[in-house]
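In order, the protein sequences belong to chains A and B.
Start counting the first sequence at 0; every next residue gets the next number (numbering that gives the first Met the number 0).
Start counting the second sequence at 0; every next residue gets the next number (numbering that gives the first Met the number 0).
Careful, some of the hints might be misleading.
[To be verified] For the chain B half of the interface with chain A, some residues (derived, Cβ under 8 angstroms), not all of them:
(1) Y158
(2) P160
(3) S221
Note that these hints are calculated values from the structure, not bench results.
Glycine residues also receive a C-beta, built at the ideal position from the N, C-alpha and C atoms.
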Amino acid sequence: MQALVIVAHGSHLNPDSSTPTYDHADTIREVGAFDEVRTGFWKEEPSIREVLRTVEADEVYVVPLFISEGYFTEQVIPRELRLDGWDVADWDSDGLSASHVTLTADDVPEKTVHYCGPVGTHEAMTDVIVRRAESVTGDPNVGEGFGLAVVGHGTERNENSAKAIEYHANRIRDMDRFDEVQALYMDEDPEVDDVTDYFESEDIVVVPLFIADGFHTQEDIPEDMGLTDDYRDGYDIPTEVDGHRIWYAGAVGTEGLMADVVLERAADAGAEIGDALELVRERTRATPQAGD
Amino acid sequence: MGHHIDALVAAAADDDVRLDGLEVTQSDDGYTLETPDSHHAGLSEDALRDALGDYDDYATNWYVWSTVVGESSPQRRAFLRWVEGAGKYAVPERYDALRDGIHHEWGQLRITATIDGHGERSYDLRHVDDADIDVDDLDPYHEPLAARQLATYDEKGRYRPLKTGANLAGGWVFPDLDGRDLVETVETFYPASVPNWFREREGTLDVEHWEDTIGRQTGMYSVIDTWNRGDGHEHVNWVAEACCDDSQCVKRREWEYDDETDLDVDGGDGVFPCREPCSLVIAASRKWTRLEGEETKTYEFELTPSEKQQVEDIIEAVADDRIDEIREADVYEGSNRYRTRFLRAKLFDEDGNLCGVPTEDE
Ligand code: SF4
Numbered sequence: 000m001q002a003l004v005i006v007a008h009g010s011h012l013n014p015d016s017s018t019p020t021y022d023h024a025d026t027i028r029e030v031g032a033f034d035e036v037r038t039g040f041w042k043e044e045p046s047i048r049e050v051l052r053t054v055e056a057d058e059v060y061v062v063p064l065f066i067s068e069g070y071f072t073e074q075v076i077p078r079e080l081r082l083d084g085w086d087v088a089d090w091d092s093d094g095l096s097a098s099h100v101t102l103t104a105d106d107v108p109e110k111t112v113h114y115c116g117p118v119g120t121h122e123a124m125t126d127v128i129v130r131r132a133e134s135v136t137g138d139p140n141v142g143e144g145f146g147l148a149v150v151g152h153g154t155e156r157n158e159n160s161a162k163a164i165e166y167h168a169n170r171i172r173d174m175d176r177f178d179e180v181q182a183l184y185m186d187e188d189p190e191v192d193d194v195t196d197y198f199e200s201e202d203i204v205v206v207p208l209f210i211a212d213g214f215h216t217q218e219d220i221p222e223d224m225g226l227t228d229d230y231r232d233g234y235d236i237p238t239e240v241d242g243h244r245i246w247y248a249g250a251v252g253t254e255g256l257m258a259d260v261v262l263e264r265a266a267d268a269g270a271e272i273g274d275a276l277e278l279v280r281e282r283t284r285a286t287p288q289a290g291d
Numbered sequence: 000m001g002h003h004i005d006a007l008v009a010a011a012a013d014d015d016v017r018l019d020g021l022e023v024t025q026s027d028d029g030y031t032l033e034t035p036d037s038h039h040a041g042l043s044e045d046a047l048r049d050a051l052g053d054y055d056d057y058a059t060n061w062y063v064w065s066t067v068v069g070e071s072s073p074q075r076r077a078f079l080r081w082v083e084g085a086g087k088y089a090v091p092e093r094y095d096a097l098r099d100g101i102h103h104e105w106g107q108l109r110i111t112a113t114i115d116g117h118g119e120r121s122y123d124l125r126h127v128d129d130a131d132i133d134v135d136d137l138d139p140y141h142e143p144l145a146a147r148q149l150a151t152y153d154e155k156g157r158y159r160p161l162k163t164g165a166n167l168a169g170g171w172v173f174p175d176l177d178g179r180d181l182v183e184t185v186e187t188f189y190p191a192s193v194p195n196w197f198r199e200r201e202g203t204l205d206v207e208h209w210e211d212t213i214g215r216q217t218g219m220y221s222v223i224d225t226w227n228r229g230d231g232h233e234h235v236n237w238v239a240e241a242c243c244d245d246s247q248c249v250k251r252r253e254w255e256y257d258d259e260t261d262l263d264v265d266g267g268d269g270v271f272p273c274r275e276p277c278s279l280v281i282a283a284s285r286k287w288t289r290l291e292g293e294e295t296k297t298y299e300f301e302l303t304p305s306e307k308q309q310v311e312d313i314i315e316a317v318a319d320d321r322i323d324e325i326r327e328a329d330v331y332e333g334s335n336r337y338r339t340r341f342l343r344a345k346l347f348d349e350d351g352n353l354c355g356v357p358t359e360d361e
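Could you build all of it, start to finish, from the sequences and the hints given here?
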């Protein structure tokens, strides 16, 4: 038997924080690739501390629903899971390349735990950003005549965060699909506040590389970009700003295709998932647009 | 029906069968069938089959526990057996009780186990406060994961950050769960409650006390460690009284200050244990660590005795979440809104300072 455990941050204040985690878990559960699909949270329950004891299967694939490698994936999650002999060096990562390690956990010594790298740095994540742009514009071929901005925190909180943003921005640029692609940040240059300065294209899709919608994606970024003076009043998609049309996508993690990245992570670590990837790609195609 | 008897006879041909007072053994003289009040020896396979027909409840009971529930998850099995008092009551009594419905409470959940004519169990799960409500007057659900939404908001639609908070809303019912789905649903309302309860019964619950849990924290939570200054644990008593009391959380707090030092407040009567301070307690304690780092100061206020009493009433009402119960015109209640507004109008200056006394020196 094999189980998938998705671990995420969660929130004491915002019920939407865990929604993407549950949604992706449900998508994967429905395609039947795992005998069990469980979720665990830093701020909600079951806690990451106790999630492994809710699992029956003896092979457990743990996928962190986080954007970048750093404090959570390297310290908090391994500690809370009680991974035996965890050493971040085993990931042998340059900040983007953590794939998986196989260990045991003191909490459930009879089980094998495959601890995977975060979803945000997987190459499949690039496709999710593009899919998000398709969802928000309602155009499966969006690209020509459009600029695309990938937005993250800057390096202030986590030096790997900017690496992940750059990585995906570069990959999308290499696709030659959008007229322009730009990485933007919340707390360093180039800043998301000045989004219109960085694009010639009239239409700009803005995709924040965040797992869940919350304070940053729903309040900060829309106000900083000038979509609205007060986030509580909402904003249109697209919104005209300085002669550009801004298609603001909200957190990329809410895109249904994220389930695909979770599966890829587990498959890279050795999970047998059959045709689940194709099924998930197919089933998540018609995701509702942001703001719906 | 009858496949349970076929299965039992087949199992007895392989090995002795023993469960809940039923024993079927095999020797050179044939099969022996025993229950607490009967004994049949020297039975052929056909005779065993016939004899079992007279002990159908024992036979279906064996079938349910060995085949339907099985051993794949010891914690699920233990929980389902607890729900119907298996091991505690003999099969005939237990079956009689199951025909009427056996009730158990699990936090704010009420589980009713019943049985049909074939020994098949089914479970009704609802809020404890809805015990007497007709099943047709509650919103029915059948999928365990539906519990996720029901657990997210309290009666007033506010987000519940703690799944075991004593503010689960009612009005719903899962009228006919099977055993597996019952456990899934219970675990969706109260994650990890069954495994922790099971570990406690087995004597293997890994309780982690305040000192250890706080010591493990890093990053923004590492500061809580400074709240422990090696001189007593009164501050942790206050934390437990504020958050873990039965009126706030349905878990039974098993963690203490450290290995040797128990807290002075009671851990509560919850059915299932809490094995370490939860993330909500940690987050609140970080705030308290900062607040409790302040030195006290002497302020001088003039209050009438009734005003002092009223301040106390307001604190009590907020702490016990009674604000909504206080009627608008009930001016006899110190925490009544008009009384409180009057107090503010009289005692606050334009900056919101009580009796015009600034919080910080000017
Ligand atoms: S620490 Fe206290 S409030 Fe938190 S789950 Fe345990 S008993 Fe409940």
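Quick rundown of the hints versus the structure:
Of the supplied interface hints, the one on Y158(B) holds, with its beta-carbon coming within about 4 angstroms of a beta-carbon of chain A, less than 8 angstroms. Look at P160(B): its Cβ gets to within about 4 angstroms of chain A, closer than 8 angstroms, so that hint holds up. Hint status for S221(B): violated, given a least beta-carbon distance of 11 angstroms to chain A, over 8 angstroms.
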